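Colleague: Build the complex: two chains, separate frames, hints provided.
Those sequence lines, one after another, are chains R and Z.
Counted from 1, the first sequence has number 17 at position 17 by our numbering; the numbering is strictly sequential.
Throughout, our numbering is defined as the position within the second sequence, counted from one, plus 1000.
No lab work stands behind these hints: they were computed from the structure.
You can trust all of the hints, since none of them are fake.
Straight-line C-alpha distance at most 20 Å; calculated EDC-like pairs for lysine to aspartate or glutamate:
1. R:K143 / R:D160
2. R:K190 / Z:D1417
3. R:K150 / R:E163
4. R:K117 / Z:D1295
5. R:K184 / R:D130
6. R:K150 / R:D178
These numbers were taken from a predicted model, which means no experiment stands behind them.
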Amino acid sequence: MLKLNFFLVLSVIFSGSLFAQSVSLTIHYDSQAYLSDGSYQTTQFDDLFVRDQQNVWFSRIFPPLLEKLHNNQVEPINKHLDLTSSARWIHKDNSTKGEITLKLFNPKDRTLVSVPKIEFGSVGFDGNWDRAYFLFPPEYLKKMKKTESKQDKLTGYNLDRYESVANNQETSVVWNRDLKIPEKISYKNKNGLLIRNISVTVNSKDLAIIKPWETLGKTIQREYEDYLD
Amino acid sequence: MLKTKLLVVTLFLTTTTFANAGSAKYVLFFLGDGMGPVNVTMSRIAKYGEAGSLNFDKLSNTGRVRTYSLDAQTTDSAPSMSAYTTGVKMNNDVISSTDNTLAFFNYGTSSAQSYNYASTPYTGINSSFVVGTSLSPTTVAVKPESACPTSGNGGPVTTILELAKAAGRSTGVVTTTRVTHATPAATYAHICNRDGENQIASQLVKNSGDANPVGAYNTALGNGVDVILGGGRRHFLPSTASGSKRLDTNDLTAKMVTNGYTYVTDKTALANIVPSASTKILGLFTASHMSYDYDRQQNQSSTEPSLSDMTSKAIDVLAQNSNGFYLMVEGGRIDHALHDTNPTRAVYDTIAFDTAIQTALTKMATIDPGLANTIVVVTADHDHTISLGGYAMRSDPVRNPAGVLGVSKNVATKRPDLSTNDVSPFPIINFGNGATSGGTDDGSTNSLRGINRGALTDAITSAASYHSPVAVNFSTGAESESHGGGDVWIYSTGANSNLFKGTMVNTEVFNRLRTASGL
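Just chain Z, with the same shape it has in the complex (with noise of 0.2 Å):
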């Protein structure tokens, strides 16, 4: 009796999970690349202040998320959002493939740029890092193909992107990086070493006439991702064309406009698409990655669109489709911004990803009132070493108006608390490593090589162009500031979302949105 009884709840709880799992036909995640606890916290404080709170602050379920990888305590952006986008651990460098697969060089020979190394020793190998065999032993190249093998190195693992599209729902890529870089590039590419860009944009586009067999269509796609904006357009153009980071004569662009997309370039042509008009778009509105957000709301003669302006016309395109959509969002240059220890510009790129959250989830608001059926998850792909440090006074738009990004100051006193050899005011945002902007100072200096750059104030931290000392200082190899090796959040909302609460490792991310979109 007790065994049958056991079986009903157990046939109940079963059910119940199943009629709730399935339901979040609209699947938007948000990734903000490098977007750590503490890089949150001091946004919010920069722009709300201490008490105040980001919009997806106020997404109704948290949880942690560990985020080592296969191969390293402290992982990159490839086998991270790879996690997230397939299940699967992999190691460093690699996009979304089996965790058997090796990260090759991606330095192939080109006569045009090449250079012997014999000269220069090389004294050890990776195991995860492996010099290609297809390379000449005294010549690299700097373009940006693939040395992957195409054989015996692992193999493609099947990512969220390409089980919606099997399901008949739209999907969309939108970046502030190159969109073959390594966060947008996981949710559609399948490649050993996130630096073959070119074969990356290849896998993209139908028929776009790459010889490197790495940089076949990826067929999982089948009609091709509905919409993709971003940057680099570098790796779509031909190797004639001016910036092109190609080593082949095919226009990409040209290539997927004959698939049926739409190709812009600038945010008015992006703001005229008409929806019902375009259900294909690429949106290349850079060379390389986009601007970082501080310095696109400077120049007033930008042409490129927010990341809102993006998410906003990806989720009016997608929608169109009843079955539902698979949209991922970068942040990415959140990440840039910190390996520089460029704070100011990392709290912006941070608040335009906050906004593209909020225009979402106002916009879905409208679709699918209630969001029932709609799974919104934001997070972050890895750590940095930032931390708040000193006692500082709280922000205030009279008395503190630097706030966070300013220098520390008394609680007591209202006046700059000094640092260890009890001249100078230090900053609240410190680094645990990084470069030091080439000089033997504090890491603070704007200066060449470090020549002057006297007393710390709030206007010099909070400036765009400052950069936050350093604890260690990184000599050779490894001068930008690194990832940190720490758990990052997740917030979510929305049909389902509740699967997204406690603490889990990156992989099981892709398991709960599975479960939580019925994918």
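Looking at chain R on its own, in the form it has when it is part of the complex (with noise of 0.2 Å):
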């Protein structure tokens, strides 16, 4: 029986798909975009990613002149939900047959807001749990080309270059085999006039890490279903 467990352990760590290393990230994104009117638009913001074994966590990171025009709107309570200032918090319950919670937590007002299945994708959460947890789902990789394999020098890690050109877009990721993590991902349709990067940066990782979840203190419990009116 030990035996059994012992070899079920090692099949879930090497299968490299469920679980991966506690991390705290840097989120950036970068889009550059030709329009027809002559412009050129760029957008650059940033989001901090922190993950161990059962949540994902996503909060926009706002520079500090934003943060304090944010600061002075505050309501005593929001009756809309506020998307952009809240944090998303992705629980896959193990014990529940992988069950995925999302809420949303609002530092603003305190607010918890739970949000139901079937509004995910209303919050921007499309459901694949793997896409939260590795920002780039691993059986995508699979369907891509590796065109190079290379260690970072500096940081040691092991880097693995993917590309695939599909729906008139080029995709390209460079994929850090040791944190089951993208550290660059680049989307560019094929004239070349829609380019989206996005890059992260390791802040900390296993013990290291700080779990937002678990230091929100006081919270105001909601629903999804309390905004919609």
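Modeller: Shown next, in the form of structure tokens:
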């Protein structure tokens, strides 16, 4: 029995898709678009990303000037959901067949909003745990062409580069095999007029990470339906 | 002589008007929440094509309704439905009360769920959204408990449902939202803020035991609303029950059974009700709102009845009263899907609403041939910011099956049109404002924070999980798409239905319905 469990654990560890290291990242988003009116549009923003085996946390990192503006707009209780300011906390309960729950936490009014599964899409979550947990579903990599493997001289991480072309879009992923996270994802439409880059910086990992969902303190429990008027 | 002739003509016209008025003892009022003109067009095309017709498109009379509230250019469902049920314009969030009623916050105190917001400055007070004096300055709670003062803040105004009860007619309320939500509540409750749903529930239940004076039984309901069907058990179950939102331990469902109601919680039990044996029904099929019709249909094990099922049973029960009845049926979740900029679910709920209307028309044609004593009115309480854009080719079962839910395709080339950056197909359906699903993309992403969506295709935009792009991205405070301030359509058929022609303010609908029904 012990032997069986040992091999079960080993198979889970090496299957590569169930669990990965706990990490805290800063995700940097950068998109560039040439528009038909001759203008060139760039958009940049950062998110904090934290994960352990059962939780994933996304929250927007606001520049200080914007943070001050947001704080001045506080109402006692928001009548409507404030998605931009709210962190998304996705939890996978491995004891209940992997049931996924999603909650939004708004630090301004300290509300913790339960989102029913049917409304995941309404708040920007497609229900794909792997996409949230790994930032890029590993099964997608299998459909892409591996074009390069190398070890980062500075960090020592083993990196693989994957590429694909589909739906008029070129996609490339630099995959960190050790952390099971993409270091960089690039999307470019075929004529080069639209480019989106997503890159990550590792803040901390394993025991060093601070889990935001464990430091929420006193919150107001609300439900997504409470905001539908 | 001329004066005499004029008098005779006037008397004749007056007599003629009154001869017609009052003949409709059966009143069926259908309210598509948020079902503005573009949503109607979108749903029609999705189901029947551009040249087809929804069932309510075929009703004999059509008009337009101006929906502004007393204090807002764009209304919420509380004052807009209240205008239909009472003929009085009131402030946003107020339910069937006088025009001097202010909408106090509903956040009553609760030791179980409160928090200190003294550290977060409150920078302004909307004149119609006043913090209740009963509140502690440092705590708020999430239970939907009324904080309306019991005096000095307006008072109730009579609803058409109450007039029907007083006239000895039966009454019914059917909805896909919680039965305590703003639209159904406006037919039977009076409260300064729609969010006080615990007290709205209590106002329905004789001897509810609610200690909050605002939750006192609405005696104008006499022996009670006869048929109540929808969602919202959480406001009826005691606080000890799982998922309850009540602060007290009163079991309002048990009280209703004591009051003579047959209480059902699933579609089988509803179907099994024998009208002659049950003149009073309470059906609460979900804890909160009922499912979107798309999801109800997808879920093979769903125990929820359709809106058509509920409408059919309500008519069967109510029609037993020879004096007639007033029935309000709400397609309540059309509005929610639109707030979510989710066109597919909005279409499905609109079609479910349309099907319920056809069910009612068919049934009433049997009960009252020719609808000689029946008035059927179909309208919406407000619009949304939805639009259909591009010069898209028409829908076609073979060449363009996604139709209005797909991406815009060029009439000449039949290929997708491309958006501003000349690279990406764009959807036909767009919204004026709303959330961008948390990303900084074009609002149509389904991935977290807009990590990647790829080029839009028909398959993406017609999926139930899809959310349309928005022009104005709400960043804080009002993330979901807002209501629209435009006029809505009103459709009618049956006795005196010609009263509902032309353009009218929403309060006028109440007056015309009274005239049509003799209430």
